[in-house]
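J.: The primary structure of each chain is shown beneath.
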Amino acid sequence: MSRRVLAIAAAALVAAFLLAAPFGFKPYGVFILSTWAVMSIAAIGLNLTLGYAGQISLAQAAFVGIGAYVTAWLTTRGWPFWSTYLIGATACFAIGWLLGYPALRVQHHYLAFVTLAFTTLVYLAFRNEEWLTGGIYGITNIPRPSVLGLSTEPGRVYYYFCLAHLALVSAAAWWLIRSPWGRAFVAVRENPVRALSLGVDTRRYTLMAFALGAGLGGISGALYAPLVQYIDPSPFALGLSLNLLLMVVVGGSGYFLGPYVGAIVAVLLPEWLRFTEGYYLMAYAVLVIALMVVCPAGLLGLVERVLKPRSKAVASDR
Amino acid sequence: MLADILQLLVAGLATGAIYALVAIGFTLLWQTSQTINFAQGEFVMLPAFFILIAMGHFGLSFWPAVGVATLVSIVTLGLLFKRLIVDPMIRHGVLPLVIATIGLAILMKEAIREFYGADAQPFPPLAADDNVTILGVSFSLQNIVIVAIGIAAVAALQLFLNRTRTGRCMQATAQNPTVARLLGIPVERMILYTFLINAALVMLASVLITPIYLAKFTNGEWLGLYAFIAAIVGGFNQVRGAIVGGILLGVVDNFAAAYISSQYRLALPLLILILVILFRPQGLVGRVEERTV
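As given, the protein sequences belong to chains Z and C, one line each in that order.
Heads up: the first sequence begins at 1 in the working numbering, then just goes up one per residue.
Heads up: the second sequence begins at 1001 in the working numbering, then just goes up one per residue.
Because the hints were derived from the structure by calculation, they are not lab data.
It cannot be assumed that every hint is accurate.
[As the list claims (entries may be wrong)] Partial list, computed: chain C residues near chain Z (C-beta under 10 Å):
| # | residue |
| --- | --- |
| 1 | Q1034 |
| 2 | R1091 |
| 3 | L1095 |
| 4 | P1096 |
| 5 | M1108 |
| 6 | A1111 |
| 7 | Y1116 |
| 8 | D1129 |
| 9 | R1181 |
| 10 | I1260 |
| 11 | Q1263 |
| 12 | L1266 |
| 13 | I1277 |
| 14 | L1278 |
| 15 | F1279 |
[Said to hold, decoys possible] Between beta-carbon pairs, the in silico distance windows are:
| # | chain 1 | residue 1 | chain 2 | residue 2 | range |
| --- | --- | --- | --- | --- | --- |
| 16 | Z | P270 | C | D1087 | 25 to 31 Å |
| 17 | C | A1003 | Z | R203 | 49 to 55 Å |
| 18 | Z | Y137 | C | A1258 | 22 to 28 Å |
| 19 | C | L1080 | Z | I8 | 43 to 49 Å |
[Stated by the list, open to error] From chain Z, some residues computed to sit far from chain C (all C-beta separations above 10 Å):
| # | residue |
| --- | --- |
| 20 | G24 |
| 21 | P27 |
| 22 | G78 |
| 23 | T90 |
| 24 | L121 |
| 25 | P143 |
| 26 | L148 |
| 27 | D232 |
| 28 | A285 |
Cβ atoms here follow ideal geometry from the backbone N, Cα and C, with glycine treated the same way.
Take these sequences, add in the hints, and give me the full structure.
T.: Here's what the structure looks like:
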């Protein structure tokens, strides 16, 4: 019981901090926090695919990119944000479903390589199809949407907009992994043959895990484009996929809170390390390597090891 | 026309030989220790800078600098990489190690940018910038030297793996570590040897490729990707797979750049990669890997 109270108190504290934070930060700080929220959404998606359903995907950057480009292209041509957002997320969901088919044929590292190739192909298309994406010049002047007549143009307001999305996505993910679907995902990860023999349609759930993860990537991209207001292909290269993978694994793959913690490490930590000036990315890399050496299950795995040394939590309840 | 094709073929074989060297190292690490090294490209980028530092800061001439750099590479990219990063993580599956090597790649890139500079540095070539005319077609001497060295290195490696006791012990370790251990093979030492061989291979690749593309801290990004594709297309679990994959990739890449589109030159290898994985996941010449359920 007291555990539950503690958890609720901690959650309230974090929520209060996130709500109050914009008033304590300069515009750049607010921008970084917004980036954290947007990247958390993409990482939550990857955590569904990788952490719960156990399918290694390096395609998440492509979905963030597709979501961002769809939103940018349509909103700069006068479409309302909500429609573009839905189109982007749906497109990613559909492409993710299709990309899931290779996952039915190949597993583990081979799947990682297929999705890696997919990300790089999509990146090449962003860079070279100038008539559509603007090529290396990208798309500029992406407007931010109005919500109920209130413009989200100021950075602080847009931060709350992203935060609200993160809250919605979190609630949906929380519900999903406790639903029979979430259980089925874990079953597919832990033992696909056994899951199949118990009547779980592993084929459908594998595709679904891919599609849902991709859809969340699309939502993340749809929020990212108006956040930076200018997109070009470079942020959506393989590096972002690797970075998102890093977020999920460093945070703790298969833990509900893993993506949030991982996004803190990947988005905020480099900024905090800026006092080391030219060395900040090096310091970041060393910290990541050291963390993996000390605790391969990620930060939340470390927390769990400290809190309850010998008990084994059920995967989906973590 | 025919002359063009022959020239492209030789250029393709030259780059292909280099990709093959890097890909062989990649597959060796995978076979013996299930290490997917995402820093493999950076492993090729770095030794060129060891040489430049040995020449620039310690005033060595080229060949002694190569000697020193080889030693430094084998110690850092072979021994230290295994002891400090791979050993502590190997028990925890593939993923943590993948993340750690991604971190390592960032570290190497940033270290070179910070301590050496972001500009592309010229690098002394192995052969004079000359052309050789064979049967009326002129070929770049440099490409021919690269192909020759590549063939020699691969042949030496194959001889070592197939004809020496240590080499066979290494193969046994790769195929079945448990049985190898039962037969009294020092499995740990064999794994260490593969890391040392990998370090030597990337060193060689670095010396061969850097004169063509100049020494730059970002070189590893695409080199790693190509080695990766070569290894998988050929067959992830076979040394000869990496050779076939590397050469195929080099040739395809050069022809695609010349005849299809230079913007999409990377797209063709990627498409080949996807098709191979979907329809022949064991690679063109690889053997089927047993799946763990």
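J.: A separate judgement is required for each hint: does it hold in the structure or not?
T.: Verification of the hints:
Proximity of Q1034 (chain C) to chain Z holds as hinted, the smallest CB-CB distance being about 9 Å (cut-off 10 Å). Because the smallest distance between the Cβ of R1091 (chain C) and any Cβ of chain Z comes to about 8 Å, under 10 Å, the interface hint for this residue holds. About 6 Å separates the beta-carbon of L1095 (chain C) from the nearest beta-carbon of chain Z, less than 10 Å, and the hint is met. Checking P1096 (chain C) against chain Z by beta carbon gives a least distance of about 4 Å; that is within 10 Å, so the hint holds.
Satisfaction of the interface hint for M1108 (chain C) is found here, the shortest Cβ-Cβ separation to chain Z being roughly 9 Å, below the 10 Å cut-off. The beta carbon of A1111 (chain C) is positioned within 10 Å of a beta carbon in chain Z (closest approach about 6 Å), and the interface hint is therefore held. This hint is violated: Y1116 (chain C) has a C-beta 12 Å from the nearest C-beta of chain Z, more than the 10 Å allowed. At a threshold of 10 Å, the smallest CB-CB gap from D1129 (chain C) to chain Z is about 32 Å, leaving the interface hint violated.
Interface restraint check for R1181 (chain C): the shortest CB-CB distance to chain Z comes to about 24 Å, outside 10 Å, so the restraint is violated. With a cut of 10 Å, the hint placing I1260 (chain C) at the interface with chain Z is violated, because the nearest CB-to-CB distance is about 12 Å. The closest approach between the C-beta of Q1263 (chain C) and any C-beta of chain Z is roughly 5 Å, which is under the 10 Å cut-off, so the hint is satisfied. Interface restraint check for L1266 (chain C): the shortest CB-CB distance to chain Z comes to about 6 Å, inside 10 Å, so the restraint holds.
At a threshold of 10 Å, the smallest CB-CB gap from I1277 (chain C) to chain Z is about 5 Å, leaving the interface hint in force. With a cut of 10 Å, the hint placing L1278 (chain C) at the interface with chain Z holds, because the nearest CB-to-CB distance is about 6 Å. Taking 10 Å as the C-beta cut-off, the interface hint given for F1279 (chain C) holds, the closest approach to chain Z being about 9 Å. Distance hint check for P270 (chain Z) and D1087 (chain C): the Cβ-Cβ separation is about 28 Å, which falls inside the suggested range of 25 to 31 Å.
Against the hinted window of 49 to 55 Å, the Cβ-Cβ separation of A1003 (chain C) and R203 (chain Z) comes to about 53 Å, which satisfies the hint. For the hinted restraint 22 to 28 Å between Y137 (chain Z) and A1258 (chain C), the CB-CB distance of approximately 27 Å keeps it satisfied. Restraint check, L1080 (chain C) to I8 (chain Z): a C-beta distance of roughly 47 Å satisfies the suggested window 43 to 49 Å. Remark: the non-interface label on G24 (chain Z) is consistent with the geometry, its nearest Cβ contact in chain C lying 30 Å away (cut-off 10 Å).
P27 (chain Z), annotated as away from the interface, keeps every beta carbon of chain C farther than 10 Å; the closest lies near 27 Å. Taking the minimum C-beta to C-beta distance to chain C, about 30 Å, the non-interface status of G78 (chain Z) holds against the 10 Å cut. At roughly 24 Å from the closest C-beta of chain C, the C-beta of T90 (chain Z) stays outside 10 Å, upholding its exclusion from the interface. A Cβ of chain C approaches the Cβ of L121 (chain Z) within 10 Å, the least distance being about 5 Å, so the stated non-interface status is violated.
With 10 Å as the threshold on Cβ separation, the claim that P143 (chain Z) sits away from chain C holds: the shortest Cβ distance comes to roughly 30 Å. A cut-off of 10 Å between C-beta atoms confirms that L148 (chain Z) is not in contact with chain C; the least separation is 42 Å. Annotated as non-interface, D232 (chain Z) keeps its C-beta farther than 10 Å from every C-beta of chain C; the closest such distance is 15 Å. Annotated as non-interface, A285 (chain Z) brings its C-beta within 10 Å of a C-beta of chain C; the closest such distance is 4 Å.
The structure fails to meet hints 7, 8, 9, 10, 24, 28 from the earlier list, while all remaining hints are met.
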